[in-house]
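Peer 1: Spelled out, the chains give:
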Amino acid sequence: MSEMTLLGAVTTALREEMERDDNVVLLGEDIGVNGGVFRATEGLHAQFGDDRVIDTPLAESGIVGTAVGMALHGLKPVPEIQFSDFIFPAFDQIVSELAKMRYRSGGEFQCPMVIRTPYGGGIRGGHYHSQSPEAYFCHTPGLVVCTPSTPEDTKGLLKSCIRSDDPVLFFEPKRIYRTVKGEVPDDPDFTVPIGKARVARAGSDVTVISWGAMVHTCTDAANLAAEEGIDVEIIDARTLLPLDEETLLESVKKTGKLVVASEATRFCGVASEISAIVAEKAIEYMEAPIVRITGFDTPFPYALEHVYMPSPQRVLQGIKKVATFDF
Amino acid sequence: MSEMTLLGAVTTALREEMERDDNVVLLGEDIGVNGGVFRATEGLHAQFGDDRVIDTPLAESGIVGTAVGMALHGLKPVPEIQFSDFIFPAFDQIVSELAKMRYRSGGEFQCPMVIRTPYGGGIRGGHYHSQSPEAYFCHTPGLVVCTPSTPEDTKGLLKSCIRSDDPVLFFEPKRIYRTVKGEVPDDPDFTVPIGKARVARAGSDVTVISWGAMVHTCTDAANLAAEEGIDVEIIDARTLLPLDEETLLESVKKTGKLVVASEATRFCGVASEISAIVAEKAIEYMEAPIVRITGFDTPFPYALEHVYMPSPQRVLQGIKKVATFDF
Amino acid sequence: MPEQLLSVLGTDGAVKKKDRPELSDQDLLLLHGTMVRTRKLDERGMLLQRQGRIGFYLPAFGEEAAHIGSAFAAEQDDVIAQSYRQPGIALLRGVSAETMLDNCFGNAEDIVKGRQMPVHYSFKDAGMISISSPIGTQIVQGAGIAHAMKIKRDGRVCITFFGDGATSSNDFHCGLNFTGVSDAPCIFACINNQWAISVPIAKQTASRSMASKAAAYGMPGYLVDGNDVLAVYEATRQAVERARSGFGPTLLEFLTFRMGPHSSSDDPSRYRPAELESEWEAKDPIERFEAFLLREGLLDEDAVKAIHAEAEAEMSKAAKASMVKPAPSIDSMFDDVYAELPAHLAEQREQLRSEGGDHAVDADAAFPL
Amino acid sequence: MPEQLLSVLGTDGAVKKKDRPELSDQDLLLLHGTMVRTRKLDERGMLLQRQGRIGFYLPAFGEEAAHIGSAFAAEQDDVIAQSYRQPGIALLRGVSAETMLDNCFGNAEDIVKGRQMPVHYSFKDAGMISISSPIGTQIVQGAGIAHAMKIKRDGRVCITFFGDGATSSNDFHCGLNFTGVSDAPCIFACINNQWAISVPIAKQTASRSMASKAAAYGMPGYLVDGNDVLAVYEATRQAVERARSGFGPTLLEFLTFRMGPHSSSDDPSRYRPAELESEWEAKDPIERFEAFLLREGLLDEDAVKAIHAEAEAEMSKAAKASMVKPAPSIDSMFDDVYAELPAHLAEQREQLRSEGGDHAVDADAAFPL
Ligand SMILES: Cc1ncc(C[n+]2csc(CCOP(=O)(O)OP(=O)(O)O)c2C)c(N)n1
Ligand SMILES: Cc1ncc(C[n+]2csc(CCOP(=O)(O)OP(=O)(O)O)c2C)c(N)n1
Ligand SMILES: [Mg+2]
Ligand SMILES: [Mg+2]
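Protein chains in written order, with my numbering: chain S, 1 to 327; chain H, 1 to 327; chain W, 1 to 369; chain C, 1 to 369.
Hints are computed from structural coordinates only; laboratory data are not their basis.
Bear in mind the structure is a predicted one, so any value in this text is a computation, not a measurement.
Any given hint could be a false lead.
[What the hints assert, rightly or not] In the DSS-like style, the derived pairs of lysine-lysine whose C-alpha atoms are separated by at most 30 Å in a straight line are:
| hint | chain 1 | residue 1 | chain 2 | residue 2 |
| --- | --- | --- | --- | --- |
| 1 | H | LYS253 | H | LYS196 |
| 2 | H | LYS253 | S | LYS281 |
| 3 | H | LYS253 | S | LYS254 |
| 4 | H | LYS320 | S | LYS254 |
| 5 | S | LYS254 | H | LYS321 |
| 6 | S | LYS320 | H | LYS254 |
| 7 | W | LYS152 | C | LYS203 |
| 8 | S | LYS320 | S | LYS281 |
| 9 | H | LYS281 | S | LYS320 |
| 10 | W | LYS305 | W | LYS283 |
| 11 | H | LYS321 | S | LYS281 |
[To be verified] Where chain W lies over chain S, by a calculated footprint (3+ residues, C-beta under 8 Å):
| hint | stretch |
| --- | --- |
| 12 | 56-66 |
| 13 | 90-104 |
| 14 | 138-146 |
| 15 | 161-173 |
| 16 | 238-252 |
Think of the CB as a built atom: it goes at the ideal place given N, C-alpha and C, for glycine as much as any other residue.
Only chain S is shown next, with the shape it has when bound in the complex:
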């Protein structure tokens, strides 16, 4: 085991998988000599050279489109989108091409790749350096969407994703890149399975499901709730698509109360999907409304970021609402 930051876990996973498989190549803006603007690829250009760590021109659709071609020809590209807010120029290549390639070719072709991208608020980035766009990709069959919250899961999931045959959107919670540290297994074959949630905290009164940096906000909220005698179970979804419904449903059937917490804007977000799944499959167990604690349905503001983002207190409010609800 080694202690590392979440960012360090990204770099370690990339290095290990590049050492393991010559077909793994990285491409993106500023990822070479500069090591990425967050330094996620620090040292990799020096170690693997120009052919495998490629600084590209400034065009996300070119990055993903090129990566699709590379994957079609047998490489395993791991493109970086510098901020997830800048993924939209690549949306067509992701939604129309990457996601559908295996299906539309009757299984003749596949495009395994991992699109890594830092996401989320809390770094005073305003509109265009703070968004949480995971729902757009979750609405797209054929994609896998992952959102780790710990260094261990980051390393293990990223490695699973690189080894997977499916195209993955790997959303890295940049707010906690450096602030969250943890022990991570050194075994180069340590992986975390795609599609499996993690019970981050066991509890019996209320289920809280979340992902990415919000898991830590929820943990703070759960601690506050404990002081008020409410025992919260936290599920870290880890993979959003395909979602681990089993773990979710098992928990809500036990607690009968659910809070879904997400940084993203609410309307048509992943929080809504999770709520809908429960309302369809376990409504008879529910003893309270299903509460979503999310970003507001406005663009992400700069100066008011601290009130825009769901705080532990706001999550706590949701927990208390469902805990005390009486039909």
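Keeping the supplied structure of chain S fixed, place chains H, W and C with the ligands upon it in accordance with the hints.
Peer 2: Structure of chains H, W and C with the ligands alone, referenced to chain S:
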């Protein structure tokens, strides 16, 4: 009143608004001399000329980006995206620019425009001529999303949208462009309000909410249900963002049973949002699971389109499930 | 000099000795045969659509020289990333007409399992990647394929085909710009048929030619007579040789004319003059090549007729065979979304199975692509 | 001939008589004063960031001639669509430094209501559209603005500014291609500072120059010495005149150098050699212009010093004034999403109000743009 098709209502609304306001301009691929591949702009080039009916180069991001600039300089553009499946190259201009312009400029600028685009399946169009991508836009604060289902609403809503100060995605249900006909008011100031749902059929046992071509599928299902003694209320959402929660909640509080029907893929779709709203705000009234009848979570298939798309029978199955549910 | 139209074949079929590409008689006849077969396949496709047997078809009338001549300059293990309007490449690379029509019927033997519209082929064994509808996407993918070839040093090249309309796409810009920088072995082959559905090239770009766009990406560009199969072949051969030798990408523009409608849904009389059509009919690339073959004595009139008749028979037979095959299984709808079926799709498949397949909706067939 | 670098000012400040643009002494001094004020504003912005008073800053050190000289060639009611790195245009057009710093502080008097990061201005009254972070988006918007001008026949032109990195964007391609066809009065002004964060132009494009990309769109392109404010002005003046007279768009490339970091989050020593930086420091556009003004007798050394000191004082005063203003109201977060507040946002605002504003999260300040 005049009888017209849904397509005719589009053309009529465009013509009337262009006659009313010189700032209204159309742009898109093949919309000029050719009148659009569906003929929605038939005759408008001849009537209004090159300056106001503009055939563009083949680039949706260019179409929307140009329209954003035109709107910034006081025109009221109505771009056409030939099929909604081809809107994704324009995604960045829509999500990053159009939707956020007023907010990010502190209200200095706005980009009123209506992006018209035919959507949905049922024309044997396969992957790329059949999708229902409305949820992507509903997850984007700042946009208005409309989906009419009748000629009257099409004319009235499109006119409201063109007169609105907000940017609108106007999804036209192409499957019923020519098959659905109806009486439409001739009054050039006839409009239908944005953000208001319509009770398409009053009923007391089960609420079905839908939009676009699916409203007709739901009507067929409701007729089948009636034969089995189930009285269905159908809500035609008409506007998806902002959604008319009031009409929806009023209905489900009455019936206690809800089926949400949509052509789009399920995961993170608008159907899920509607379900989540009810699960959050009216769960105590619900007497059955909230059932979503939607497209499957696969790309849109060609040869199996007829089993992919929700049929009246499939909607009926959902209606019966909630009607007969026992906690 | 992009502005000079490279041409080899005279309109009368005459060729200057020094211009004649090094092609064996067999090669020349193979080129001709493939062009004729492609024409007949397209005629059959249009007929099947008019008969209501398939929902849609999209022909390449008039563009046979441009795409077949070009693809002929690549080796079989070079990769083709094409648009929907180069059917002849598959025939050239040994795909049977029946396999292609299986796709148009979307039947159980369709390689893409009936999932895409007609003419959206995928022929991995023939080195041809899956075709999609969105315009231009294959251009940057071709750039990526070539970039992978460069990294793998596998000695291959990629040719990506696209239309004049596609030069306006984001992916054209990205594909050429990235490849200018990477120097990957990619040939960008623009089939300029002068129309993007109803939009003429003058409304597509103000550039003097498509070929001249190459300079913006630091690569050579050549304007080639796209109805001259020998010029097309030779220009591509040289580009392939440069790419394979490590000298990087080339943009080729093949100037031609879409002699038919955009697709079975299109009516060109709405937007282009009949005279223009007759003018270009006179330049039919197959007739022009046949003039050459006759002049060279490689074929006589009877042989030409026989080749046409044989191709016709081939397509008729293929259509008959494809027509009777069953539809794909309903279960197959859930395969290939992911490498393994995830739980939610297993559940949805179960749900569909439980319906017993009787919940079909009616779809109406005609629509414009 | 795009490849010829257009230049007027010698490095020693000498100008050939025939090359000298028709600018009054007052104009020349205004240009100089604005360049100096811009430099001082940027220094102040960087200082405020280093002091932790603002979260982020992005300077235009070394690029003052390129953007100020260019914008000076437009009339006040011509429209500017710019990127985040042309602060001098706002100063030139009469926006006060305090107003600009209000944006950097995101305070209650910030025109954009504290909603965007520092340097993301919107100055409608000064004819400058809202700046956003995504690279290139303003290029095609500029094309649209110009297209609207053409339709409205209002006699205006639009200048859109963008970096070398932005030439790779989809919106560059669309903006120039659409305008080539529409012939709208748009000037595309590429500030080629040779870097896109850490990526040098050689990795950005293989094109010989950015100006030479103009041919791909059927418009003229000129490569201009971007550290020579007179050449920049004159090239733009001619382009504006052409556009206003109905002769369509022009692409201008101003070759310059980003003398500072990309932004307060960037450390250029990681990716570019110090020697290169010193080489370009010697070409400082302000010093070069001052050499001219001294030589022409428009200023003497003392006057130059006074101008710098005055600009310095202006920025210090502006910073002090901005610094003490309160934050925007929490309620304001829900305004301007729509023209009218929809029900769901009213409800969310109510919810936030009910919290009493005590649910704040901690945000850490440093991050790379
Ligand atoms: C992104 C996108 N936008 C629009 C369309 C609709 N469409 C299909 S073909 C076509 C014209 C293509 O023209 P060109 O690239 O010249 O190819 P051609 O059809 O002439 O071979 C259009 C606009 C599409 N398929 N994809
Ligand atoms: C679409 C997009 N991708 C990535 C970024 C991150 N980013 C910010 S500035 C920049 C470099 C821009 O370079 P250039 O266009 O040359 O302008 P300069 O900063 O040199 O003025 C990058 C990559 C972004 N803002 N937008
Ligand atoms: Mg064409
Ligand atoms: Mg730059």
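Peer 1: State for each hint whether it applies.
Peer 2: To see whether the hints hold, each was checked on the structure:
1. At roughly 18 Å between alpha-carbon atoms, H:LYS253 and H:LYS196 fall within 30 Å of each other, so this suggested pair holds.
2. Taking the CA atoms of H:LYS253 and S:LYS281, the gap is near 20 Å; set against the 30 Å cutoff, the hint holds.
3. Distance restraint check for H:LYS253 and S:LYS254: the Cα-Cα separation of roughly 27 Å lies within the 30 Å cut-off, and the hinted pair is therefore satisfied.
4. For the proposed pair H:LYS320 and S:LYS254, the alpha carbon gap of about 28 Å is at most 30 Å, so the pair holds.
5. Among the hinted pairs, S:LYS254 with H:LYS321 is consistent with the structure: their alpha-carbon atoms are about 24 Å apart, no more than 30 Å.
6. Between S:LYS320 and H:LYS254 the CA atoms are separated by roughly 28 Å; this keeps the pair inside 30 Å, and the hint holds.
7. Annotation: proposed proximity of W:LYS152 to C:LYS203 holds, straight-line Cα distance about 21 Å (limit 30 Å).
8. Restraint check: the Cα-Cα separation between S:LYS320 and S:LYS281 comes to about 24 Å, which is no more than 30 Å; the hinted pair holds.
9. At roughly 16 Å between alpha-carbon atoms, H:LYS281 and S:LYS320 fall within 30 Å of each other, so this suggested pair holds.
10. Under the criterion of a C-alpha separation no larger than 30 Å, the hint pairing W:LYS305 with W:LYS283 is consistent with the structure, at around 19 Å.
11. A distance of roughly 12 Å separates the Cα atoms of H:LYS321 and S:LYS281; the hinted pair therefore holds under the 30 Å criterion.
12. With 7 residues bearing a CB less than 8 Å from a CB of chain W, the stretch 56-66 of chain S meets the requirement of three and the coverage assertion stands.
13. Remark: the stretch 90-104 of chain S is confirmed as covered by chain W, as 9 of its residues place a Cβ nearer than 8 Å to a Cβ of that chain, reaching the required three.
14. Residue count for the stretch 138-146 of chain S with a Cβ under 8 Å from a Cβ of chain W: 3. That meets the three needed, and the coverage hint holds.
15. Under the rule that three or more residues need a Cβ within less than 8 Å of chain W, the assignment of the stretch 161-173 of chain S holds, with 3 such residues.
16. With 4 residues carrying a beta carbon less than 8 Å from a beta carbon of chain W, the stretch 238-252 of chain S meets the three-residue requirement, and the given coverage holds.
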